[in-house]
Amino acid sequence: AQSVTQLGSHVSVSEGALVLLRCNYSSSVPPYLFWYVQYPNQGLQLLLKYTSAATLVKGINGFEAEFKKSETSFHLTKPSAHMSDAAEYFCAAYTGTASKLTFGTGTRLQVTL
Amino acid sequence: DVKVTQSSRYLVKRTGEKVFLECVQDMDHENMFWYRQDPGLGLRLIYFSYDVKMKEKGDIPEGYSVSREKKERFSLILESASTNQTSMYLCASLFRDNGEAFFGQGTRLTVV
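Line by line, the protein sequences give chains Z and L. If you want the working numbering, it's the position in the first sequence, counting the first as 1, plus 2. If you want the working numbering, it's the position in the second sequence, counting the first as 1, plus 2.
Think of the hints as simulated: they come from the structure by calculation, not from any bench. Some hints here could point you the wrong way.
Computed list of lysine-lysine pairs in BS3-like fashion (alpha-carbon distance at most 30 Å, straight line) [said to hold, decoys possible]:
#1 L:Lys-55 / L:Lys-20
#2 L:Lys-59 / L:Lys-15
#3 Z:Lys-102 / L:Lys-73
#4 L:Lys-15 / Z:Lys-60
#5 L:Lys-72 / L:Lys-59
#6 Z:Lys-60 / L:Lys-20
#7 Z:Lys-60 / L:Lys-5
#8 L:Lys-5 / L:Lys-73
#9 Z:Lys-102 / L:Lys-5
#10 Z:Lys-70 / Z:Lys-60
#11 L:Lys-55 / Z:Lys-60
#12 L:Lys-20 / L:Lys-5
#13 L:Lys-57 / Z:Lys-102
#14 L:Lys-72 / L:Lys-20
#15 L:Lys-73 / L:Lys-59
#16 L:Lys-55 / L:Lys-5
#17 L:Lys-5 / L:Lys-15
#18 L:Lys-55 / Z:Lys-102
#19 L:Lys-59 / L:Lys-20
#20 L:Lys-55 / L:Lys-15
#21 Z:Lys-102 / Z:Lys-70
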């Protein structure tokens, strides 16, 4: 069975500071991994995805994530936070065909002046 | 633009009512999902379907059923609504080749 763990339900950073949101997965087979973002009163939209090509994945809005198999991690980073990055972020895993798309519990990012 | 459309943004229903939540996608995806989202609990999978007429239980199927009679439509049914089913419900369809999912805007259901 696969599972996704996000450490930290709330993260607060200053504008211009580094953003680091943590995600670890467990899966019996190599999964596809995703980060989604949800702005207030909206559905989820895809930030970036790992599908077994390059281990460093670049997404929209300056975000990137690195797949580390040895650590079973897929942490999301952004060098410099912007006020517009305040949202909830979800990490997700999928192992293909008829499998579940499994989400972590989410991390709410707050950006302060 | 790809689209996943949920029939209602907001619903208020009474305890004991039968409730239908509809989801339609226009991307010809085989896989579709229903989640509920609650503060602090993230997205929890209720049911998913990987083909027409096929369904699989997710992590919290109790009190729910689903129907997938056509590829583009996946319906979530609350047989007898209860107050603990008050939640945000999200539908998604997924491109099987790379796992990329597309979400509807969500239905906020309140059961009184």
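Now for the hints, and whether the structure bears them out:
no.: 1; hint: L:Lys-55 / L:Lys-20; in the structure: holds, 21 Å
no.: 2; hint: L:Lys-59 / L:Lys-15; in the structure: holds, 24 Å
no.: 3; hint: Z:Lys-102 / L:Lys-73; in the structure: holds, 18 Å
no.: 4; hint: L:Lys-15 / Z:Lys-60; in the structure: violated, 43 Å
no.: 5; hint: L:Lys-72 / L:Lys-59; in the structure: holds, 19 Å
no.: 6; hint: Z:Lys-60 / L:Lys-20; in the structure: violated, 44 Å
no.: 7; hint: Z:Lys-60 / L:Lys-5; in the structure: holds, 24 Å
no.: 8; hint: L:Lys-5 / L:Lys-73; in the structure: holds, 14 Å
no.: 9; hint: Z:Lys-102 / L:Lys-5; in the structure: holds, 21 Å
no.: 10; hint: Z:Lys-70 / Z:Lys-60; in the structure: holds, 15 Å
no.: 11; hint: L:Lys-55 / Z:Lys-60; in the structure: violated, 37 Å
no.: 12; hint: L:Lys-20 / L:Lys-5; in the structure: holds, 27 Å
no.: 13; hint: L:Lys-57 / Z:Lys-102; in the structure: holds, 11 Å
no.: 14; hint: L:Lys-72 / L:Lys-20; in the structure: holds, 21 Å
no.: 15; hint: L:Lys-73 / L:Lys-59; in the structure: holds, 18 Å
no.: 16; hint: L:Lys-55 / L:Lys-5; in the structure: holds, 21 Å
no.: 17; hint: L:Lys-5 / L:Lys-15; in the structure: holds, 26 Å
no.: 18; hint: L:Lys-55 / Z:Lys-102; in the structure: holds, 17 Å
no.: 19; hint: L:Lys-59 / L:Lys-20; in the structure: holds, 20 Å
no.: 20; hint: L:Lys-55 / L:Lys-15; in the structure: holds, 27 Å
no.: 21; hint: Z:Lys-102 / Z:Lys-70; in the structure: holds, 22 Å
Against the hints set out earlier in the document, violations occur for numbers 4, 6, 11.
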